[in-house]
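Novice: Fit chain B to the supplied structure of chain A, relying on the hints for placement.
2 protein chains.
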Amino acid sequence: MTRRPEFPIVKLRLDYGAQLVLGPGKADLLEAIGQLGSISAAGRQMKMSYRRAWSLVEEMNAAFREPLVDSSRGGAGGGGASLTEAGQAVLSRFRALETLLRQDGRALIDEIGAMLDDMPDEK
Amino acid sequence: MTRRPEFPIVKLRLDYGAQLVLGPGKADLLEAIGQLGSISAAGRQMKMSYRRAWSLVEEMNAAFREPLVDSSRGGAGGGGASLTEAGQAVLSRFRALETLLRQDGRALIDEIGAMLDDMPDEK
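Protein chains in written order, with my numbering: chain A, 140 to 262; chain B, 140 to 262.
Simulated from the structure, these hints should not be mistaken for lab results. Be aware that one or more of the hints could be misleading.
Each pair may be met inside one copy or between any two copies, as identical chains are not told apart.
Derived SDA-like pairs: lysine to any residue, alpha-carbon spacing no greater than 20 Å straight-line [claimed, not checked]: (1) K186 - E197; (2) K186 - L175; (3) K150 - P206; (4) K150 - A235; (5) K150 - D209; (6) K150 - R245; (7) K186 - E198; (8) K150 - V160; (9) K186 - Q227; (10) K186 - A166; (11) K150 - R234; (12) K186 - L255.
So here's chain A without its partners, still in its complex pose (with noise of 0.2 Å):
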C-alpha cells in the first residue's frame, strides 16, 4: 500500500546574518511564552532547556529595539513572562508570512507534491 504524500511543513527563516536568525523555533516559543506566560513553561513544552529558551529570548530581545518578552514580573524562583506588543507584532508578521506561503503558494507546493514518488507505508 501506498499513500501521497502530505502537504509538507512549510519552515520559514528570516536571516539576519550575525544578528539574528528568526525562524519556525523562535516562532513557537514566543507563541508559547503568549499563552503560558513563563519563558520555563514554554520552554519545557516545546522539549528545550531552560537554559536553551532563555537564551533564544535573550538573543531575541537584544536583536529588536523594543524587547519582544517581558520577563520583568519572574522573581528570584522565575515566574511570570509575557510578549510585549512588539513580540506579538513580530509574532503575528512571522505568521502571517508562513500563511502567505501556504495560502498563495498551493498551487506551487501541490505542483511539486504531485511529482514526488508514492512512499510506501510507514513501519
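Specialist: The following block gives chain B in isolation, referenced to the frame of chain A:
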C-alpha cells in the same frame, strides 16, 4: 556609525518528513548542476564534498517519481550531468515560492526589519 539591517535572506524549506526536506541547499545544488553540467563541479562551487553533492542528488532522485538529475552521461571519471524536465520543474516552482515570499511578503518583512535594532558596523 550604525546601519539599518539589510533585507534578510529569506529561506524556505518544504518538509516532507522522512521522504524529503527540500530547502535552499538542494535548490542551489540543482541550479548549479543545471548551469555547470556536472555534479562534482556544482558541489565544488557550493564548497560541498563530492560525496555530499552525490548524496543530495540521490536523495532527491529517490524522492521524486522521475529523477531530477540525469547523470547517465557521466563515465567512470565522473563527467556530465543535467537537470531533467522534472528537475527544472521542481527548481522553478521552488524559486517561484521564494519570489512569492520576497515580493508579496515584502511589506511584512519590512515591518519586521523596521523593528530590529540598529547594528553597530561589523568589525
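Novice: Each hint should be assessed against the structure and marked as holding or not.
Specialist: Hints, one by one, checked against the model:
1. K186 - E197: within (18 Å within a copy, 33 Å between copies)
2. K186 - L175: within (14 Å within a copy, 43 Å between copies)
3. K150 - P206: Classified as neither: same-chain Cα gap 24 Å, cross-chain 24 Å, threshold 20 Å.
4. K150 - A235: Both: 13 Å inside a copy, 15 Å across copies.
5. K150 - D209: For K150 and D209, the Cα distance exceeds 20 Å both inside one copy (26 Å) and across copies (28 Å).
6. K150 - R245: both (14 Å within a copy, 17 Å between copies)
7. K186 - E198: Answer is within; shortest intra-copy Cα gap is 19 Å, inter-copy 29 Å.
8. K150 - V160: For K150 and V160, the Cα distance is within 20 Å both inside one copy (13 Å) and across copies (10 Å).
9. K186 - Q227: neither (22 Å within a copy, 39 Å between copies)
10. K186 - A166: within (15 Å within a copy, 31 Å between copies)
11. K150 - R234: Both ways: K150 and R234 sit 11 Å apart in one copy and 15 Å across, limit 20 Å.
12. K186 - L255: For K186 and L255, neither the intra-copy (31 Å) nor the inter-copy (28 Å) Cα distance is at most 20 Å.
When each numbered hint is compared with the structure, violations occur for hints 3, 5, 9, 12.
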